[in-house]
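Protein chains: 2
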Amino acid sequence: MEIIQCLLTGDRRAIARLITIIENDGAEAQEALAALYPHTGRAHVVGVTGAPGTGKSTLVNELAKVYRQRERTVGIIAVDPTSPFSGGALLGDRIRMRDLSGDPGIFIRSMATRGSLGGLARATADAIKVLDAAGYQTIFVETVGAGQAEVDIAKAAHTTIVVEAPGLGDDIQAIKAGITEIADIFVVNKADREGADSTALALQMILDLNHSSHISSPDPRWRPPICKTVALHGEGVGAVVEAIGEHAAYLRESGNLQRRERERVEGELRSIITHKMARSFFERVAEAQFDSLVDSIIRRELDPYSAAARLLEGWR
Amino acid sequence: MEIIQCLLTGDRRAIARLITIIENDGAEAQEALAALYPHTGRAHVVGVTGAPGTGKSTLVNELAKVYRQRERTVGIIAVDPTSPFSGGALLGDRIRMRDLSGDPGIFIRSMATRGSLGGLARATADAIKVLDAAGYQTIFVETVGAGQAEVDIAKAAHTTIVVEAPGLGDDIQAIKAGITEIADIFVVNKADREGADSTALALQMILDLNHSSHISSPDPRWRPPICKTVALHGEGVGAVVEAIGEHAAYLRESGNLQRRERERVEGELRSIITHKMARSFFERVAEAQFDSLVDSIIRRELDPYSAAARLLEGWR
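From first to last, the protein sequence lines stand for chains V and A. Each residue of the first sequence is one higher than the one before, counting from 0 in numbering that gives the first Met the number 0. Each residue of the second sequence is one higher than the one before, counting from 0 in numbering that gives the first Met the number 0.
Only chain V is shown next, with the shape it has when bound in the complex:
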């Protein structure tokens, strides 16, 4: 495929087109992914998540600038699972484009939910492969919001940064929503605001708790550092870059890189198989039969589980 040749030379239009092909999720997408897949596996993928209003986008922009100063190329994928109907991330995107555009060493793409959450997680994982094959060395995957969606998307990352900020209402709730369990690095952004110290302290306490209670912690030898930043002024961002580097080194030396990679691939394979099976089933099932079972469920003559069993019986 010619487009793959263009991609491997870093052609920006090829990258953009391939990600669109992936989002459309047709046969062409699978062909393209098969062709580019041997060229993946070189990038370090950094997930950035946290509650709304913590300043994630600003932080990612500033991190990208530091990497560019060090002559590393940067890909940014901004995922917005919060806006399933009208698409999203547009406002932040425009601000970002103005700030970083014109640098050929940076590629930015936003992705919004289309239909299912599983679909978004798969499309994000595939967009990472495209940027990886195109030669981007550090790839940020930024998610708006904090929930299981972000956990699923974070699974594609080598290093996950959870961003907190002081003054976001109830501290414990905000931190809980920051899904502390998946953090490799914490950032307390907007650290010039009142309450930054108590946010950092609350995180320390959570880490102490986790350390004493989680016997089966995923990475017992890595204690997530807590970095304070004022991303708007670039303050403290260098220290976050160092922390990412240290975490990458830890992953390589501890053997956890291989373990994470295997878990990631297993999860991805399971998700693809489930999606393929379901699609093939719903393409073949007779609409009339499906509709008549839905009618029976609505009339309370049949429960959904029994209806599902009937449909599956007929299929085999």
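A few of these clues could be false.
Copies of the same chain look alike in the list, so a pair counts if it works inside one copy or between any two.
SDA-like mimics (lysine to any residue), calculated; alpha carbons at most 25 Å apart, straight line [unchecked claim]: (1) 154 x 277; (2) 227 x 203; (3) 154 x 275; (4) 154 x 207; (5) 154 x 276; (6) 275 x 308; (7) 154 x 287; (8) 275 x 286; (9) 227 x 193; (10) 154 x 291; (11) 227 x 201; (12) 154 x 255; (13) 154 x 308; (14) 64 x 102; (15) 275 x 285; (16) 154 x 288; (17) 275 x 298; (18) 275 x 299.
Note that these hints are calculated values from the structure, not bench results.
Dock chain A against the given chain V, drawing on the hints supplied.
The following block gives chain A in isolation, referenced to the frame of chain V:
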């Protein structure tokens, strides 16, 4: 099944046990759901979602108190999709229990993610059925956080309330994360705080925008009201109860109740079928074959989509 007989009389232990059985997702769960399903379809289900720190739990508690004054029974299901590893919602739960416990007309249950998000959405939908069959008239489903997870869970509700609060960082982001598109009713809670008016105004603007741009709005004849509350002092909560009643009447009179019910059942049936197919596949697939394909993917000899195709080919 004896437990179903106990459930239908409103026995609290039977309810609790049935929800646990559902969470464990075995054959017993499907048998129980089949038995109780004919007794469902009477409750009005109200979803309550919004960003962390908006005071959702307090609002739901106060709403429950108003319904109890009007002698309607209330079920509360608190869903926490943000804490996939350690379970969650415990703190809020204890405060709530202290406040509402002792009233036999209220049943409270919290549910946390175990494994997949789809699993949580299914378990929540089934827990609603249990409370519905047990005779609870109004059922609140409260989700912590705001994201696609909440959208999926909200699909089980007849009326969805999106809670905002002033001063949660960047207003537009906070509101976006409040997933305005799914709101039937907006609540600006903590309305005694600075910025409450501008939050309400921002919501008005979003509604005006939606009204002019969304030609295919799901409910063109229903404009979501914006209620201001100080839930901590019970202020404005009565107006929210009125709004819920008006929305329920609108759904019945417009025929949208049937449309939503059909969509809900279709989605539920699809989700159950997908889950059953995947489970049956992964129970039967040879572990050695799966592992060797994972190895090939990690070595970049094979891409995940081709590997999935091979596994599925062997299965048919």
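To see whether the hints hold, each was checked on the structure:
1. 154 x 277: Cα proximity of residue 154 and residue 277: in one copy and across copies (23 Å, 20 Å).
2. 227 x 203: within (13 Å within a copy, 36 Å between copies)
3. 154 x 275: both (20 Å within a copy, 24 Å between copies)
4. 154 x 207: Answer is within; shortest intra-copy Cα gap is 24 Å, inter-copy 38 Å.
5. 154 x 276: Both ways: residue 154 and residue 276 sit 22 Å apart in one copy and 24 Å across, limit 25 Å.
6. 275 x 308: both (19 Å within a copy, 8 Å between copies)
7. 154 x 287: between (39 Å within a copy, 24 Å between copies)
8. 275 x 286: both (19 Å within a copy, 19 Å between copies)
9. 227 x 193: Intra 13 Å, inter 27 Å, cutoff 25 Å: intra-copy only.
10. 154 x 291: Cα proximity of residue 154 and residue 291: across copies only (21 Å, versus 39 Å in one copy).
11. 227 x 201: Close inside one copy (13 Å), not across copies (31 Å); limit 25 Å.
12. 154 x 255: within (14 Å within a copy, 39 Å between copies)
13. 154 x 308: So residue 154 and residue 308 pass the 25 Å test across copies only (23 Å; inside, 32 Å).
14. 64 x 102: Only inside one copy: residue 64 and residue 102 sit 10 Å apart there, 58 Å across copies, limit 25 Å.
15. 275 x 285: both (18 Å within a copy, 18 Å between copies)
16. 154 x 288: Cα proximity of residue 154 and residue 288: across copies only (23 Å, versus 38 Å in one copy).
17. 275 x 298: Between. Shortest inter-copy distance 23 Å satisfies the 25 Å Cα cut-off; intra-copy 31 Å does not.
18. 275 x 299: between (31 Å within a copy, 21 Å between copies)
Of the numbered hints given earlier, the model fails none.
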